[in-house]
Amino acid sequence: MTDTYLNLVNSGVTKKLAQQLGLPQPAPLRRYRAGTPLVDGPVLVLGRGKDADALAAVLAGPAGGAPGSTVLDGWDLDVHRHASPDTRYAAVVVVLTDVEHPDQLAGPVLATAGVLRGLARGGRVVTVSREATPDDAPALAAARQGVDGLLRSLAKELRGGATGNGVVLREGVPVTAPSTLGAVRFFLSARSAFVDGQLLTVDSDAGALPASWDRPLEGRVAVVTGAARGIGASIAATLARDGATVVAVDVPAAGEQLAAVANRVHGTALQLDVTAQDAGARILAHALQRHGRLDVVVHNAGITRDKLLANMTPDKWDSVLAVNIASQLRINEALLTSGDFADEPRIVSLASTSGIAGNRGQTNYAASKGGVIGMVRATAPLLVPFGGTANAVAPGFIETEMTARIPALTRQVARRLNSLQQGGQPVDVAEAVAFLASPAAGGIVGRTLRVCGQNMVGQ
Amino acid sequence: MTTVVLPSVPALGGLYARGAAATGRLAVARRVGRAPRTLPDVVHEVRGVRADADHLTAYQHLVGESASDRLPAGFVHVLAFPVAFAVMVRPDFPLPLLGLVHVANRVEQHAPVRLDEAFDVRAWAQDLRPHRSGTTVDLVAEVRVGGALVWRGVSTYLAKGVRLAGRPDDAVRDEFVAPVPTGRWKLAADAGRRYAAVSGDHNPIHLSRLSAKALGFPRTIAHGMFTAARALADVGAVRGDAFTWTVEFHKPVLLPGTVTVRVAPDGPGTAFAGWDARSGRPHLTGRVDPLR
Amino acid sequence: MAPSPRKPPTPTAPTTRRALVLGGNRIPFARAGGAYAHASNQDMLTAALDGLVARYGLQGERIGEVAAGAVLKHSRDFNLTRESVLGSALSPTTPAYDVQQACATGLESVVGLANKIRLGQLESGIAGGVDTTSDAPIAVSDRLRRTLLDLSRAKTVGQRVAVAARLRPKDLAPAAPRTDEPRTGLSMGEHQALTTAQWGITREAQDELALASHQRLAAAWDAGFFDDLVTPFRGQTRDGNLRADTSLEKLAKLRPAFGLGLDTPATMTAGNSTPLTDGASTVLLGSDEWAAAHDLTPLAVVVDAEAAAVDFVHGVDGLLMAPVFAVPRLLARNGLTLDDLDYVEIHEAFASTVLTTLAAWESDQFGKERLGLDGAFGTVDRARLNVHGSSLAAGHPFAATGGRIVATVSKELHRRKQAEGRPVRALVSVCAAGGLGLTAILEAA
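Protein chains in written order, with UniProt numbering: chain A, 1 to 459; chain B, 1 to 292; chain C, 1 to 445.
Errors might be hidden in some of the hints.
To be verified - Each computed SDA-like pair below joins lysine to any residue, with the alpha-carbon atoms no more than 20 Å apart:
hint, chain 1, residue 1, chain 2, residue 2
1, C, 411, A, 288
2, B, 213, C, 170
3, B, 186, C, 142
4, C, 170, B, 257
5, B, 186, C, 182
6, B, 251, B, 290
7, B, 186, C, 187
8, B, 186, C, 303
9, C, 116, C, 303
10, B, 186, C, 189
11, C, 411, A, 290
12, C, 170, B, 62
13, C, 170, B, 190
14, C, 170, B, 194
15, C, 170, B, 256
16, A, 307, A, 322
Said to hold, decoys possible - Which chain A residues face chain C? A few, computed with CB under 7 Å, are given here:
hint, residue
17, 98
18, 102
19, 111
20, 263
21, 314
It is worth saying that the hints were derived from the structure and are not from the lab.
Virtual Cβ for every residue (Gly too), placed ideally from N, Cα, C.
Whole structure, please, built from the sequences with the hints as guidance.
So, in structure tokens, the structure goes:
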């Protein structure tokens, strides 16, 4: 979908006019292209402790690692440990894992403040902190939980397509755990273009760093439901770009578009109604027979049947729940009990910000999407013994055929109701899905990652 | 018997003009009682006739034959018949040309004539005999290649209302019962003109509605030999190289028109019939049988 | 030089191997003038190929050969199959050729490629067929065509004027494609009406067969049987001709359409005859080695095939009766009888085509006199006949029907063998214009 407003405020006369009128100034977002650098410029790593040193070492270390050493494969970035004046930073990583009292936040936070004005367009602020728990000393918990409010507010202040996101480590998870590095890298990269103001928790040191950051899904077989169009088609394309062999699934009636998607991504098309009782068995049989394995299942198929609850019909309620949550539960059960979904498997489900914050007219949809959030939280632990996990992605306003049908004015308002002041693209959702499907996300267990440009509703 | 050797096969168009004049003369002569009552004792002959390849192809395509270098028996008729026709326009021929109706035709083909072969044609009239509605006569044409008889055609014509001496034999024709069809010919309005173009037979009854009306037909009618040639083509390769091909013409086919046909094995050869499916009345019936 | 002693010929054992049906794909068949009214043969064949490629992950694959065809074809489509391959997701280095055997085109494509695979000449192949009656080729009249050709050959202005002067206004009227038999001038329906009358097939029997076809095809769709056999196209997601709600009462109300001029009652209606249909189908074939290398499940083996033809021109047999002669020869060569077949697929050109075929096989006299047997050839168990419906319900885009039947029955054979673990066989029989018939035996792989 074209966002005409976004184009207008970024060009010529209309750009100037918008500035003078104080209209929202959405910036074109930088998006991932293979072969482009992770970040466009120097990266400032703030923080004093050994976690900051360890992380800075990875960011600055040579690609390929030192021969014969156990040092991690470095990312070869231009890393500064102290802000130098007049430097335009592409990213700031604020390591706060060692703060024990709210008083200790001032140092790194104010150091961050000094470089924000010079942050590059599309820049990144990433905090790395530890989770506050009821067992913590009150001051420790206060400091750790304070990061949450800090990050969310900071993100709202960023402009020019810059984003702020946080990685929250549970107790005992090292800063160099695969999922910590994976999450930091995801937030630094253009893959997270429309993820803003989010804190993603790393639960364990499970998972593995990929042999290639450009093709983390090499050799993996992924099923994407609802793949014929929109976000599903983009997920299929993104997983394939990252190296996965894709089985594109959609209802038989969508077969023509599904075939086109499968052919574009060099995968296979499986015409299947996910609500069929044997859908899980058929998906597994197809993947095993045609591709020898099944590693990733992306539950993307979903429908909306909007109605105020007072006007809700059983038909509208049942069909939404059947497609959006019941089918996922049934397919997961089939996969989990098959014994053939046990080699570091990944389930990624599509939730929605409606499932978090609620949306007028979408009680059925929000119930199903809230259900997805609960489902992945409870499913992930079942996969952990196999090195697997399940997580969800909750999109906000995404420019799709579906949102294109929203009345024009409502659509314009909906687009601006987030920190990036624009709608996301299907590929933004797909990138988050691809990250959660990757080997590096193995330590992220049952979480829901929002892809909403920091929508003003909900958490 | 006198033999008249013609320099070439005469054009039928000119013969029709002469025939029309002769018909007029004959009518006058009959009124004054000096019309001839016997056939001229004469044989017309043309030597060294050759077919033209384009002409042959046009004929073959029109009647549904494939364009081989063997002349269809009906095409030999087209080439040889004007020689016989020349006999019919002689002043001493006893029947009026205009109004003569082609009622039957019989061809014996001993061997096919090839495109590269020159052949000689001899033709005469014989067997003038009474018929229940007039008088009939046989026009015979023989075709020889290198002196050997390869093709012999006998075309029977009826002069309606012309009474000569003698009584007709009272052979009653079998009532026609329409059989199970095997096919259908859809004949376009210009079928007469198109066959006229390949056969040279520009009899006005085949050419336009107006000229046909002048001669008593509501519309143009198809050439009998055209329908007979299509039937022969429908018989196909089973007819072999040596065969007899006989046909009787009944009700004329008005153009445009649809003829329901049956062409099917029958005894030693193949029988064919064409009829009007609505009235059940026949247009033509005939057979093709191996010669021997 | 002394002549070298002649070597004795080394006898070579036949080294043929199995040719497998590995899958298929078609687009839903649409009624003429319906969803595909503006789609060309090439559009539809490309869509069917692309769906096959998507289902089996053949993107960029160089297939041994693609053989397909159309019965009604534009002259611009002289290389229809190759052009469709070039427009598809297959490798552009995939060779292709066109096949045409009227309504048997699709099955002949399967048989031809299967034989090449058996010989070791090919490892893989895609057979197909497509037809549109909505976008049928309209030609200029013969006279206009000849005149235009002569004009292009004319050298002087005078010659050109003379040639052009031959044209008459009516020569400019277009010539619609003929569906009549060229040698008899009768349409297929009129021919079949003669055969129907000859065998005394009743209206009721025909309507019952048509009803069964619709009911069985509808049931297969409802069960999702076609989910991995069909890819939608242009918004058409099911066969457009399918009438799941038809009934004997509705069928009985239709007026006869063929055989009106015969002295027996006309029994053939639009309900028990196939309508004009647009569509395309493909079948993926390969050797055991190729299937294994591509992780494809063999569904069926193409065992053998037999063609036949009848002399309908001279009324010896009905136009569509050739399979009646082909099947006894085919089964005898393979040491089989009708009882050895678990599935019998007889293309429903008309309901009465199937019924006259069965009647001829059940006739003692016909068996003795025409088939050279001791008596009747045999009886087909109706429960094994066209189990998922056939052309009466699905429609019949001429060249696409063979591929539809082969893919459908191959899937069914595989399913049955999985369930019962014993050899399972099917007969496929397709009648065609020109008095042709093509039949084949498939066996679950």
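Original post:
Which of the listed hints are broken here?
Top reply: 2, 6, 8, 17, 18, 19, 21
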